[in-house]
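*Asks:* Sequences listed follow chains A and B, in order.
1 is the number of the first residue of the first sequence in my numbering; add one for each residue after it.
1 is the number of the first residue of the second sequence in my numbering; add one for each residue after it.
It should be emphasised that the hints constitute simulated quantities derived from the structure, not laboratory data.
Glycine included, each C-beta is placed from N, C-alpha and C at the ideal position.
Mixed in with the good hints, there may be bad ones.
To be verified - Some, not all, of what chain B presents toward chain A, calculated at C-beta under 7 angstroms:
# : residue
1 : L73
2 : R76
3 : M81
4 : H87
5 : A101
6 : V105
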Amino acid sequence: MNLDFSQIVPYIPFMLEGVWVTLQFVIIAIIFGFILGSLIALVKISRFTLLKWLADFYTSIFRGTPLILQLLLIYYAVPQLTGYDISPFLSAILTFGLNSSAYVSEIIRAGIQAVDKGQREAAEALGIPYRPMMIKIILPQAMKNILPALMNEFITLTKESALVSVISYLDLMRRAQVVSSDIYRSFEPLLFVGLLYYAMVMVLTLIGKYVERRMRASD
Amino acid sequence: MINVEKLHKSFGETEVLHDINTSIERGEVVTIIGPSGSGKSTFLRCLNLLEQPTSGQVLVNDEDITNPNINILNIRQQIGMVFQHFHLFPHMNVLENLTYAPMTVKGESKVEAKQKAEQLLAKVGLSEKLEAFPNSLSGGQKQRVAIARALAMEPDLMLFDEPTSALDPEMVKEVLDVIKDLAHSGMTMAVVTHEMGFAKEVADRIIFMDEGKIVEESEPKSFFEKPDSERAQSFLDKVL
Numbered sequence: 001m002n003l004d005f006s007q008i009v010p011y012i013p014f015m016l017e018g019v020w021v022t023l024q025f026v027i028i029a030i031i032f033g034f035i036l037g038s039l040i041a042l043v044k045i046s047r048f049t050l051l052k053w054l055a056d057f058y059t060s061i062f063r064g065t066p067l068i069l070q071l072l073l074i075y076y077a078v079p080q081l082t083g084y085d086i087s088p089f090l091s092a093i094l095t096f097g098l099n100s101s102a103y104v105s106e107i108i109r110a111g112i113q114a115v116d117k118g119q120r121e122a123a124e125a126l127g128i129p130y131r132p133m134m135i136k137i138i139l140p141q142a143m144k145n146i147l148p149a150l151m152n153e154f155i156t157l158t159k160e161s162a163l164v165s166v167i168s169y170l171d172l173m174r175r176a177q178v179v180s181s182d183i184y185r186s187f188e189p190l191l192f193v194g195l196l197y198y199a200m201v202m203v204l205t206l207i208g209k210y211v212e213r214r215m216r217a218s219d
Numbered sequence: 001m002i003n004v005e006k007l008h009k010s011f012g013e014t015e016v017l018h019d020i021n022t023s024i025e026r027g028e029v030v031t032i033i034g035p036s037g038s039g040k041s042t043f044l045r046c047l048n049l050l051e052q053p054t055s056g057q058v059l060v061n062d063e064d065i066t067n068p069n070i071n072i073l074n075i076r077q078q079i080g081m082v083f084q085h086f087h088l089f090p091h092m093n094v095l096e097n098l099t100y101a102p103m104t105v106k107g108e109s110k111v112e113a114k115q116k117a118e119q120l121l122a123k124v125g126l127s128e129k130l131e132a133f134p135n136s137l138s139g140g141q142k143q144r145v146a147i148a149r150a151l152a153m154e155p156d157l158m159l160f161d162e163p164t165s166a167l168d169p170e171m172v173k174e175v176l177d178v179i180k181d182l183a184h185s186g187m188t189m190a191v192v193t194h195e196m197g198f199a200k201e202v203a204d205r206i207i208f209m210d211e212g213k214i215v216e217e218s219e220p221k222s223f224f225e226k227p228d229s230e231r232a233q234s235f236l237d238k239v240l
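Extracted from the complex, chain A is given alone in its bound form:
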């Protein structure tokens, strides 16, 4: 066995810094994706046929093509088409945010539509207007369906974020590659960042479990 973890020790701060760099754009992309996804979900459950069609089309595009393709398209196409020299950071946020919004919109739409139709009818029969009905009656019940799936989406996004290494954004993954080429060893740095990814995902999983328990407690 030819393993020598001592060689990566000097690079540990450099790689740990990658956790923060990754988290930075992942968090922004999650928030961006969540807000946009919620708006798209609202369109999907609305009565505006044309907008609904557009929202479905948008979703199918982002779900129907590889994420890495979307990332490269945005990173290379934006400067070519508009002359604006887009940074890897902005490309990453844009790609992951737009992509995630497509998934989030489906999660929220499905969560809302899974609420028993009778709830809506009962609210309507009482003369409760649309907005308070959605906010106070439908959404609180939909949250039970939405939150676990949403946590899954955030976990997926955190892991997939490693793709941004291909546009030479110095995230956690990219830093492992940089260290590899410095010390001519791949296994040790990859294993090290692997553990860091795992730790991040475990934290998210624990948060998810906690939230689910809280929801079940209110039953």
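Following the hints, put chain B in place on chain A, whose structure we already have.
*Replies:* Same frame as chain A, but now just chain B:
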């Protein structure tokens, strides 16, 4: 108070209501009976526009509610509805179930709404369940809360859509008793039901429906003793 004229309702190609003409007077208790799939529930749901009629008119206090310009929320405030499957709001306790609509829709104060909720719960015999959540209640209790919730809006008319069909047999009576009390208090009511004994006892008028049409409308006594139509006779032979 309700006038239905030439009401038709189709779901796609299937016509479920065919040329319904009838009316319900203030203070009247009408029960609608008939075989499954005869359009009873759809008819009831057209009265508060949970179903949009395909054609025809539904007049509530002389206002045509099928007119697209009408504010249907205002009309629905005057019409309470009780569903087969209760549809209580599961994330709200009994008190919140009873006070949410009066506070949100009619702008009642919390104190006012709570006071009324307490009175109504006493009336349906569930005073001790004020703080309980729906899923801790039995079916019969849920339905009594659902009736109280509808009454909290102080409606002029109550619609009951098979209110006892989803209940365990031993819980039917407690719900029917509440509905009977309400009938005797002078509330205008339309009740879709399979409980023939109940229909016979409380109804001022029976509407018998089959295949989307009103086959017969008559007083309960004559209806149950000797219905005019053969269809009603064969139906009664099977259920009584």
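*Asks:* Does R76/B hold up as a contact with chain A if the rule is Cβ-Cβ below 7 angstroms?
*Replies:* Since the shortest Cβ distance to chain A is 4 angstroms, the answer is holds.
*Asks:* Could you check if L73/B really has its C-beta closer than 7 angstroms to a C-beta on chain A?
*Replies:* holds, 5 angstroms
*Asks:* Restraint: A101/B near chain A, CB-CB cut 7 angstroms. Satisfied or not?
*Replies:* holds, 4 angstroms
*Asks:* Going by Cβ atoms only, is V105/B closer than 7 angstroms to chain A?
*Replies:* holds, 5 angstroms
*Asks:* Interface hint check: M81/B, Cβ to nearest Cβ on chain A, cutoff 7 angstroms. Holds or violated?
*Replies:* Check passed: Cβ of M81/B comes within 4 angstroms of chain A, closer than 7 angstroms.
*Asks:* Would the hint on H87/B stand, with a C-beta cut-off of 7 angstroms toward chain A?
*Replies:* At about 4 angstroms, which falls below the 7 angstroms cut-off, the nearest Cβ of chain A leaves the hint on H87/B intact, so it holds.
Going through the hint list in order, the structure satisfies each hint without exception.
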